[in-house]
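**Q** Sequence:
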Amino acid sequence: MSLDAATVRRVANLARLRLDETEVEKLQSELNGILGWIEQLQAVDTEGVEPMAGGSPVPVALPWRQDAVTDGGQADAVLRNAPDREGEYFGVPKVVE
Numbered sequence: 001m002s003l004d005a006a007t008v009r010r011v012a013n014l015a016r017l018r019l020d021e022t023e024v025e026k027l028q029s030e031l032n033g034i035l036g037w038i039e040q041l042q043a044v045d046t047e048g049v050e051p052m053a054g055g056s057p058v059p060v061a062l063p064w065r066q067d068a069v070t071d072g073g074q075a076d077a078v079l080r081n082a083p084d085r086e087g088e089y090f091g092v093p094k095v096v097e
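Take the sequence shown: its letter number 16 is residue 16 in the numbering used here, and every next letter is one higher.
Keep in mind that the hints were calculated from the coordinates and are not lab data.
Errors might be hidden in some of the hints.
If you anchor each label on the Cβ, the simulated ranges turn out as follows [to be verified]:
| # | residue 1 | residue 2 | range |
| --- | --- | --- | --- |
| 1 | 58 | 37 | 20 to 30 Å |
| 2 | 2 | 69 | 51 to 61 Å |
| 3 | 67 | 87 | 22 to 32 Å |
Glycine residues also receive a C-beta, built at the ideal position from the N, C-alpha and C atoms.
Work the whole structure out from these sequences, hints included.
**A** Right under this line is the structure:
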């Protein structure tokens, strides 16, 4: 499959891209190259090949944690380097307009 300049202009218009004539030619070449790669991939025989789930050929079980809402319990660690603090909160200057 090969795209002509009119199709490239139409795609650019749909994508809200403003192209001049030299850019149309360059984009036409690039898109035709991409379509060529896709045709090569479609020619590969994948019959009987199981798809990989999650992008890993090795089955991986991820550890689960309890889904509980907390405040983190780390106020002292978080505020240790704060320039000012008020209790368990960052101290900031009062801004009044």
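**Q** I want to verify a distance hint. Is the separation of the beta carbons of residue 67 and residue 87 within 22 to 32 Å?
**A** holds (28 Å)
**Q** Is 51 to 61 Å a correct range for the gap between the Cβ atoms of residue 2 and residue 69?
**A** holds (56 Å)
**Q** Do residue 58 and residue 37 keep their Cβ atoms within the hinted range of 20 to 30 Å?
**A** holds (28 Å)
The structure is consistent with each of the numbered hints, conforming to all of them.
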